[in-house]
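Protein chains in written order, with UniProt numbering: chain A, 1 to 461; chain B, 1 to 461.
Treat the hints loosely; a few may be bogus.
When chains are identical, the list treats them as one kind, so a pair holds in a single copy or across two.
Think about it this way: if two alpha-carbon atoms lie no more than 35 angstroms apart in a straight line, the pair counts; the simulated DSBU-like pairs of lysine-lysine are [to be verified]: (1) LYS244 / LYS143; (2) LYS322 / LYS143; (3) LYS293 / LYS244; (4) LYS293 / LYS143; (5) LYS322 / LYS415; (6) LYS244 / LYS415; (7) LYS143 / LYS415; (8) LYS293 / LYS322; (9) LYS244 / LYS322.
Treat the hints as calculated values from the structure; they're not laboratory data.
Number of protein chains: 2
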Amino acid sequence: MATDSRLDEVLERLDAGLSGAVERLRTFLRIPSISTDPAFAADVRAAANWLRDELADLGFDAAVMDTPGHPMVVARTPAGEGRSLLFYGHYDVQPVDPLELWNRPPFDPAVEDTPNGPVIRGRGAADDKGQLMTFVEACRAWKAVHGALPPGLILLFEGEEESGSTNLQPFLRENAGMLRADLALICDTNMYSDGRPAITTQLRGLLGEEIVVRAADRDLHSGSFGGLAANPIQVLVNALATVKDAEGRVTLPGFYDGAPELTDELRADWQALGFDPAEFLSRVGLHEPIGEKGRTGLEMVWNRPTFEINGIAGGYAGEGFKTVLPAEARAKVSCRLVGTQDTDAIREALRAHVRAHVPADCTVEFHAHGNSQASVMDTSDPAFAAAKAALTAEWGREAAFIGAGGSIPVAGDFKRLLGMDTMLIGFGRDDDRIHSPNEKYDVQSFAKGARSWARILAALA
Amino acid sequence: MATDSRLDEVLERLDAGLSGAVERLRTFLRIPSISTDPAFAADVRAAANWLRDELADLGFDAAVMDTPGHPMVVARTPAGEGRSLLFYGHYDVQPVDPLELWNRPPFDPAVEDTPNGPVIRGRGAADDKGQLMTFVEACRAWKAVHGALPPGLILLFEGEEESGSTNLQPFLRENAGMLRADLALICDTNMYSDGRPAITTQLRGLLGEEIVVRAADRDLHSGSFGGLAANPIQVLVNALATVKDAEGRVTLPGFYDGAPELTDELRADWQALGFDPAEFLSRVGLHEPIGEKGRTGLEMVWNRPTFEINGIAGGYAGEGFKTVLPAEARAKVSCRLVGTQDTDAIREALRAHVRAHVPADCTVEFHAHGNSQASVMDTSDPAFAAAKAALTAEWGREAAFIGAGGSIPVAGDFKRLLGMDTMLIGFGRDDDRIHSPNEKYDVQSFAKGARSWARILAALA
Numbered sequence: 001m002a003t004d005s006r007l008d009e010v011l012e013r014l015d016a017g018l019s020g021a022v023e024r025l026r027t028f029l030r031i032p033s034i035s036t037d038p039a040f041a042a043d044v045r046a047a048a049n050w051l052r053d054e055l056a057d058l059g060f061d062a063a064v065m066d067t068p069g070h071p072m073v074v075a076r077t078p079a080g081e082g083r084s085l086l087f088y089g090h091y092d093v094q095p096v097d098p099l100e101l102w103n104r105p106p107f108d109p110a111v112e113d114t115p116n117g118p119v120i121r122g123r124g125a126a127d128d129k130g131q132l133m134t135f136v137e138a139c140r141a142w143k144a145v146h147g148a149l150p151p152g153l154i155l156l157f158e159g160e161e162e163s164g165s166t167n168l169q170p171f172l173r174e175n176a177g178m179l180r181a182d183l184a185l186i187c188d189t190n191m192y193s194d195g196r197p198a199i200t201t202q203l204r205g206l207l208g209e210e211i212v213v214r215a216a217d218r219d220l221h222s223g224s225f226g227g228l229a230a231n232p233i234q235v236l237v238n239a240l241a242t243v244k245d246a247e248g249r250v251t252l253p254g255f256y257d258g259a260p261e262l263t264d265e266l267r268a269d270w271q272a273l274g275f276d277p278a279e280f281l282s283r284v285g286l287h288e289p290i291g292e293k294g295r296t297g298l299e300m301v302w303n304r305p306t307f308e309i310n311g312i313a314g315g316y317a318g319e320g321f322k323t324v325l326p327a328e329a330r331a332k333v334s335c336r337l338v339g340t341q342d343t344d345a346i347r348e349a350l351r352a353h354v355r356a357h358v359p360a361d362c363t364v365e366f367h368a369h370g371n372s373q374a375s376v377m378d379t380s381d382p383a384f385a386a387a388k389a390a391l392t393a394e395w396g397r398e399a400a401f402i403g404a405g406g407s408i409p410v411a412g413d414f415k416r417l418l419g420m421d422t423m424l425i426g427f428g429r430d431d432d433r434i435h436s437p438n439e440k441y442d443v444q445s446f447a448k449g450a451r452s453w454a455r456i457l458a459a460l461a
Numbered sequence: 001m002a003t004d005s006r007l008d009e010v011l012e013r014l015d016a017g018l019s020g021a022v023e024r025l026r027t028f029l030r031i032p033s034i035s036t037d038p039a040f041a042a043d044v045r046a047a048a049n050w051l052r053d054e055l056a057d058l059g060f061d062a063a064v065m066d067t068p069g070h071p072m073v074v075a076r077t078p079a080g081e082g083r084s085l086l087f088y089g090h091y092d093v094q095p096v097d098p099l100e101l102w103n104r105p106p107f108d109p110a111v112e113d114t115p116n117g118p119v120i121r122g123r124g125a126a127d128d129k130g131q132l133m134t135f136v137e138a139c140r141a142w143k144a145v146h147g148a149l150p151p152g153l154i155l156l157f158e159g160e161e162e163s164g165s166t167n168l169q170p171f172l173r174e175n176a177g178m179l180r181a182d183l184a185l186i187c188d189t190n191m192y193s194d195g196r197p198a199i200t201t202q203l204r205g206l207l208g209e210e211i212v213v214r215a216a217d218r219d220l221h222s223g224s225f226g227g228l229a230a231n232p233i234q235v236l237v238n239a240l241a242t243v244k245d246a247e248g249r250v251t252l253p254g255f256y257d258g259a260p261e262l263t264d265e266l267r268a269d270w271q272a273l274g275f276d277p278a279e280f281l282s283r284v285g286l287h288e289p290i291g292e293k294g295r296t297g298l299e300m301v302w303n304r305p306t307f308e309i310n311g312i313a314g315g316y317a318g319e320g321f322k323t324v325l326p327a328e329a330r331a332k333v334s335c336r337l338v339g340t341q342d343t344d345a346i347r348e349a350l351r352a353h354v355r356a357h358v359p360a361d362c363t364v365e366f367h368a369h370g371n372s373q374a375s376v377m378d379t380s381d382p383a384f385a386a387a388k389a390a391l392t393a394e395w396g397r398e399a400a401f402i403g404a405g406g407s408i409p410v411a412g413d414f415k416r417l418l419g420m421d422t423m424l425i426g427f428g429r430d431d432d433r434i435h436s437p438n439e440k441y442d443v444q445s446f447a448k449g450a451r452s453w454a455r456i457l458a459a460l461a
């Protein structure tokens, strides 16, 4: 009961300090830490420095640690008697284009009232600055009440999550001794639905690939060369149109090796969630699932692999018209992967498929972007049940074990390189518009997220 | 023989007056008549006025006639007994950027010696001021010898050819009575090869179309929606990949209706040109024709219709990677058309093909860009044989009837609006760099071009 009353104090402290916490988040969001664009490198570092200073002020032993790319922020508290915990988040954000679709400057965040309550609007509000700050604010309130930070904490904040996490694996390897804990916590996921908290227990992997097809050594006039000279856009289009069949299945040889069917137990759990694909799609102006035939909606997004074209460019696409046969065309494609699908084998199969479509007069070049295996957690660890109870208490609704269609490769890296399982607990909403214009994070997610972490810290302490 | 001796006098007069003719061309070239840039509107008009004054001095009934855009110059001689002829050229020029790639100011033309003989260097030297002046200089010499200009001539010089010829069709319609002649002559094309004169007797038409496929009402994260939501890039790619089959033939129903096979005569003529597709392609870093199977290289570029993707854009194609399912994807495509292919019917077939690939959750929008029928001249008109003989006599090599892969819409306009066939006779070279920095026109093209017109005028008189 002593613990419970201290917890209540921490929760009260969080409630009382909410407006200050929102102001701190706004300050953090003003730093345009776009990791994929080299023009923003200094801003990425500025965001790392800001985080380190915040954490050091709170009493963490905090440092910005360089990598060959953007730096890591690492902060620790002294070891305690209980379970040690590594909390991971990322302080970098996605690019903001198309800028004209934002209804306010993406790096001038504000609290806006909406019919669903107040939101914090700005790039990174949900992904992941707002989410990671829920944990930092829980620590701040904890310290105010307990006089000290929770023991045995390691905080790790990455600056390259949105640009492929190029340096994460080497960093984990080189600093394994410092980073290894009993369990990892990641706050970069959504609740199952508004008001229904969740712990994500499986994540799809990701394989990204850029394909560049080149033909003539210059742009050609289609009047002079059309009908005779190779058109790299057509070559690329022909290759990309045949990766999937009419049933939505990927045709690459061996693609489905290692893609498991659901266990009966998980199938029943997911069924109970009552997911309605048409309703889900209607939120973004769609209504018909277009994926593999014969699969439920949740299977499609959580337990089935995909192939998607994420970007394509070639020739003249501006105002008016230009009858050009371009010298090159390029596409960015990616696969979401599940179970034990082998990213290297699939990448090779994809490249072989494209090469088979490239005629003698064209060349093709491939660039790998991102490569992460899927992750499946061991939910028999009692920490999962304890966290589930804490979340259920905070939100007043039964917390769910769910899957995630996105890739959080770091969870797989923690398992493989540091031997830790991960609890993925996040407070994002499906309408947060992450990676899109007008990204937001609900003030409720932010406030109750911090309260949730306070409860989980208390439960695991 | 009387005619022949007067022709010889005209040719001698041209030879004797060459340096004066070059000086007049240089004066004309100094006027920066860039039609696409409103900043040069006064210069475009100055070029029109200069031409009118030259023609009036020569004895033409010449006028600058306003349009809603840049003006036309029209000049006439009294009707005669023989065939009436409309000569068309354009006095506007392309922009000059990138200026730093010019080795002299583009509007300070000069005669330069080169390993292939002297050239006149400057914007518009070949396209089209130098070419149109070959006809004007032939008229000047004719008048000096005969005491009068050739009868039954109409000269029409346009000032918007390089900016879309927006006002040409209305002008032709409104002034049809004044402009209609027995035959049109256009000097805006190349010789078949250096030293081999040619009359272009067929031109491909053009149909341009922009296709926009839209899915969700915003860009989506492929982790959250991949496998469930429609991807407009994939939809567009699937539609574009199936417009042509593996043999390079367009699959749209009715596409080849009106696309004629070569006559035996034209097939033999083209065969005699000795076109080497591999050599032609090697100039741009390619070597293998990729068009329809079973067609010669010249057929592919002159007598076969095409489907080309000129531009495509969708999703994220910048630096790095973004796992987005974009809200929309767009492509610009065009067909080169031959014979009597029906542009409207083909546009509808293309749109129907695309629509058939668009799933329930996507919409598609089409925008027409450009629509010109192919032109095929009736070479049984004895004027063609007469002009061929005249060109053969001047150049000492058999003149060829050739095709052109590009579109010169004015020739189709003359046919459709004024009921005239056109002889396209030009003296440009493949290395004239029209539309590019360091445009030039060979002094030989200029001198022998004028002599060629003198011979053709004599033959058609």
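So, going through the hints one by one against the coordinates:
Neither within a single protomer nor between protomers do LYS244 and LYS143 lie at most 35 angstroms apart by alpha-carbon distance, with minima of 54 angstroms and 68 angstroms respectively. In the homo-oligomer, the alpha carbons of LYS322 and LYS143 never lie at most 35 angstroms apart, since the shortest distance is 64 angstroms inside one protomer and 38 angstroms across protomers. In the homo-oligomer, the alpha carbons of LYS293 and LYS244 lie at most 35 angstroms apart both inside one protomer (12 angstroms) and across protomers (27 angstroms), since each shortest distance falls under that limit. Taking identical chains as interchangeable, the C-alpha atoms of LYS293 and LYS143 are never at most 35 angstroms apart, the minima being 52 angstroms within one chain and 77 angstroms between chains.
With identical chains, the CA atoms of LYS322 and LYS415 are at most 35 angstroms apart between copies only, with a shortest distance of 25 angstroms across copies and 52 angstroms within one. Taking the shortest Cα distances, LYS244 and LYS415 sit within 35 angstroms of each other inside one copy (31 angstroms), while across copies they are farther apart (48 angstroms). For the identical chains of this complex, LYS143 and LYS415 are intra-copy neighbours only, at 30 angstroms inside a copy versus 88 angstroms across copies, given an alpha-carbon limit of 35 angstroms. For the homomeric pair LYS293 and LYS322, the shortest alpha-carbon distance between copies (27 angstroms) is at most 35 angstroms, but the shortest distance inside one copy (39 angstroms) is not.
Taking the shortest alpha-carbon separations for LYS244 and LYS322, both the intra-copy value of 31 angstroms and the inter-copy value of 21 angstroms come in at or below 35 angstroms.
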